[in-house]
Amino acid sequence: MKSRKWLSFPYIIWMAIFIIIPLLMVIYYGLTTKDGTFTLDNLFLIADPINRNALWLSIKLSVISTLICLVLAYPLALILNSMKLKNNSFIILIFILPMWMNFLLRTIAWQNILENTGVLNTLLKFLHLPTLELINTPAAIVFGMVYNFLPFMILPIYNVLIKISDDTINAARDLGANYFQTFLKIILPLSFPGIISGITMVFVPSLTTFVISTILGGSKVVLIGNVIEQQFKMINNWHTGSGLSLVLMVFILISMAILAKYDKEAEGKSVW
Amino acid sequence: MVKRFGQKVYIALILLFLYAPIFILIVLSFNESKSRSKWGGFTFKWYVELFKNDNIMNALYTTLIIAFLSALIATIIGTAASIGMNSMKKVPRTILMGISNIPMLNADIVTGISLMVLFLAFNYTLGFSSVLMSHITFNIPYVILSVMPKLKQLNKNTYEAALDLGASPSYAFYKVVLPEIFPGVLSGFLLSFTMSLDDFVITHFTRGNSIDTLSTKIYAEVRKGIKPEMYALSTLLFTSVLILLIIVNRRSDMMKHHEKNRATK
Numbered sequence: 066m067k068s069r070k071w072l073s074f075p076y077i078i079w080m081a082i083f084i085i086i087p088l089l090m091v092i093y094y095g096l097t098t099k100d101g102t103f104t105l106d107n108l109f110l111i112a113d114p115i116n117r118n119a120l121w122l123s124i125k126l127s128v129i130s131t132l133i134c135l136v137l138a139y140p141l142a143l144i145l146n147s148m149k150l151k152n153n154s155f156i157i158l159i160f161i162l163p164m165w166m167n168f169l170l171r172t173i174a175w176q177n178i179l180e181n182t183g184v185l186n187t188l189l190k191f192l193h194l195p196t197l198e199l200i201n202t203p204a205a206i207v208f209g210m211v212y213n214f215l216p217f218m219i220l221p222i223y224n225v226l227i228k229i230s231d232d233t234i235n236a237a238r239d240l241g242a243n244y245f246q247t248f249l250k251i252i253l254p255l256s257f258p259g260i261i262s263g264i265t266m267v268f269v270p271s272l273t274t275f276v277i278s279t280i281l282g283g284s285k286v287v288l289i290g291n292v293i294e295q296q297f298k299m300i301n302n303w304h305t306g307s308g309l310s311l312v313l314m315v316f317i318l319i320s321m322a323i324l325a326k327y328d329k330e331a332e333g334k335s336v337w
Numbered sequence: 709m710v711k712r713f714g715q716k717v718y719i720a721l722i723l724l725f726l727y728a729p730i731f732i733l734i735v736l737s738f739n740e741s742k743s744r745s746k747w748g749g750f751t752f753k754w755y756v757e758l759f760k761n762d763n764i765m766n767a768l769y770t771t772l773i774i775a776f777l778s779a780l781i782a783t784i785i786g787t788a789a790s791i792g793m794n795s796m797k798k799v800p801r802t803i804l805m806g807i808s809n810i811p812m813l814n815a816d817i818v819t820g821i822s823l824m825v826l827f828l829a830f831n832y833t834l835g836f837s838s839v840l841m842s843h844i845t846f847n848i849p850y851v852i853l854s855v856m857p858k859l860k861q862l863n864k865n866t867y868e869a870a871l872d873l874g875a876s877p878s879y880a881f882y883k884v885v886l887p888e889i890f891p892g893v894l895s896g897f898l899l900s901f902t903m904s905l906d907d908f909v910i911t912h913f914t915r916g917n918s919i920d921t922l923s924t925k926i927y928a929e930v931r932k933g934i935k936p937e938m939y940a941l942s943t944l945l946f947t948s949v950l951i952l953l954i955i956v957n958r959r960s961d962m963m964k965h966h967e968k969n970r971a972t973k
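If you read the sequences in order, they're chains A and B.
Take any residue in the first sequence, count from 1 to its spot, add 65: that is its number in our numbering.
Take any residue in the second sequence, count from 1 to its spot, add 708: that is its number in our numbering.
One thing to keep in mind: the hints can contain errors.
[Claimed, not checked] Dumping the calculated DSS-like pairs for lysine-lysine here, alpha-carbon to alpha-carbon at most 25 angstroms:
{"hint": "1", "chain 1": "B", "residue 1": "716", "chain 2": "A", "residue 2": "228"}
{"hint": "2", "chain 1": "A", "residue 1": "228", "chain 2": "A", "residue 2": "326"}
{"hint": "3", "chain 1": "A", "residue 1": "285", "chain 2": "B", "residue 2": "932"}
{"hint": "4", "chain 1": "A", "residue 1": "149", "chain 2": "B", "residue 2": "716"}
Because the hints were derived from the structure by calculation, they are not lab data.
Everything numeric in this text was worked out from a predicted model, so none of it was measured.
Chain B on its own, in the form it takes in the complex (with noise of 0.2 angstroms):
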């Protein structure tokens, strides 16, 4: 009992820990007072002014553009790119599986700056195609990742018993393999629709000083003091995606509820 209720307790001061700042961030965007240590009394006024700020809606746009564009063309390029690295022999498929690691091992800034010195060596103007193509770069190995086991459950013999049923090879992919492999392929696009949503260093070197991101546009006003519709915005965000995780895991409980029901008809 006391080492289950210490277990408890341990848990409970990790999430205290992670969750802190969060809290902190949600109680100022209540804030009357525009000071970041100072209590001014509860006001939504943030939240009515956020709406009004076009700076921040248009940061705000970009960055959703970008998220949404660069994990769509990184889908395609990576699932594409499974599916053909698939149907190679080890050796190859080694290489460019250890050339997909590059950007995720790497530090986020040596691949930063890397590409902004590709950019402006060939004198391509950096701004808004800069900073998606980097963030196409970044986002690829991590449809990869997530793929690729799908791939490899793949029986290969539904495939073929497609074919030998006289569908066309296209017809046999959409039909059998693409249903299989879906779940990867949704789940590369998520993984990197975050990791452009929350990206700062690399766009930090290769957007130039015509766009602004949330995020470069908060470190813009790290020294000035960040305003307060800031804190709206993202506690904003944050409840969304809480609300949008709940409802998602609670229709997955009920649909293997479902199936569990019809196995045991």
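Looking at chain A on its own, in the form it has when it is part of the complex (with noise of 0.2 angstroms):
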């Protein structure tokens, strides 16, 4: 089979001019002013209230909304494993099958839960308690993130709980662990993998999100991804629009390592 390694050629050729050259012009035109000269100005507009703000309100809500997908996720992912259910495909096909109603029209119904007239006030009233005002707040995305990326911290943990071996549990159990030892020394543990997967999954599309706070933010609640999509589709300057992408992609890359730290840290803890 060794002659075989032309067959990837088209795949190099196409992810070097569709991957490869696109992140270096984000780069260079994030490093550049309009005449071409060298400059980090770009970068440092994320330091101008407007932006900073934007972003700090991203980081922010997005780990409100990874940590809501966390605690919601991994009691569901224990207790479908607990199951035993033979047709894996069946559960991971339940929570897919949203993603097939479109995105945006998923969010927009969600206009219609948490409006102040909506289906959740008018539950509330029906049962004499006080009515929320969400929409168009940041808590209103947070529902928006947590319920458009909950699969995505469900699947993984689950992927990782339905390959721990029983053995495994029971011989904790037999060695005289009780439930919750167990769980904190081996399942938990075990589980890392799939929770760091989990937190990226969900982390990344909240923190660069610009669709979900458009549709439930009203323009009142900015993101940094509404900033820099206004810099590309409505003012046209791509220079700081590549700018702020830099400083989102540091971002995201310094989360990615410090979570990859945790993911080795974890798996050198399972050795013992």
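Using the supplied hints, reconstruct the complex from the two chains, each of which is provided in its own coordinate frame.
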């Protein structure tokens, strides 16, 4: 099969043109002015109060959403795993299926639920509870993020949990560990890779979204994704837009590096 | 017993959370009133209107054709790439796999703007072909991700046995290798198709103003108010996928059953 290497040449050329060169171009535009001289000003624009607040709010909301997803998904994955279903693909389908309804429409449906006279408030009124003003607030955006990205947290954790052998858990129980000890010392460390990939798959799209904030935040809540989108689609300033994208990419890389470090530590521990 | 009950309630609540918006969209597709927040009585009229609305039908056609072509081309490039990479040494293979991870780990918005910058900087007019190429780009990694594990499981001896028995390399490939990796190729294709169908962000940046997919059309209507025909269309798409999945699931269950029976005989 040695002569088969040439089969990957179309792929290599394709990825060079459509992945590598475009990224280099974003870096080039991010580090130059309109007349092509080198500058770091585009990166420093992140310190501008509007951009800084947008980035800070994006980080805050995406961290909150990621944590909520983790707290909701982990017990669910544990329960699904304990049911020992024969048909795994069915579970996966149930959580993938909503994605076949257009993502924008599903988010728009949340407007109906969260509006001041929407489904949720009608329900609260019916139960004689105080109503909530959610639409066009950061809270509504958190709702949208958790809703859209929750499956990406559930599936990786579930996939890791089903691979943990019953023998490992039984051995721990036989050696006298109670349920919580087994969970803390065996299940949790072994499920770490799933948690890490779940966190990345929720955090990155939440941090960079501009659609969810446009639909559920009105124009009142501005995230860093909205700022970058406007730079490219409305203002047509590639240099500022690229500079801000570079800052965003650095944030993503840093958070991934931190996660990868934790992942390695967990792997190291599981040897013991 | 209490614990079991609690677990079921928890699953039910999460499913309610995931499916509530879908339920609302289905209800809205039967709503007589054009307003999202008023119930005007039951009607089928949006389903009739839908097929008369050329704008939406065109967007649907564009969406499906881009999804199909991008999934097909990505499957060919991705499968060939996986086979090629599989015969490479570890270091170049790791580098190439790393590159294929970039669009999956990178934010959609960055992939979108970087492709837009590429097309515009080389004076390439944005339109159908730029969207198609962009979709192929983000689909290829999904194909590689589905095909690579199947290639790893492949027993090299069967291929060499075919060669020893006189098969030409290409004949041996079609008769021995391809059938083995086909499930991976197929799931790569289906995954790509789904991703392309549901994509908004990358299409938004690479489409220019000449073409619309369903996603970009919906986005343009967010402020003006969504046309109820859209709810009808998405309800139709959702139910057809649901029915298709149920049939496929039933069939694979039946096939498993069949195999088991044969094995016990």
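These are the hints, each one checked on the structure:
no.: 1; hint: 716/B - 228/A; result: holds (22 angstroms)
no.: 2; hint: 228/A - 326/A; result: holds (23 angstroms)
no.: 3; hint: 285/A - 932/B; result: holds (17 angstroms)
no.: 4; hint: 149/A - 716/B; result: holds (14 angstroms)
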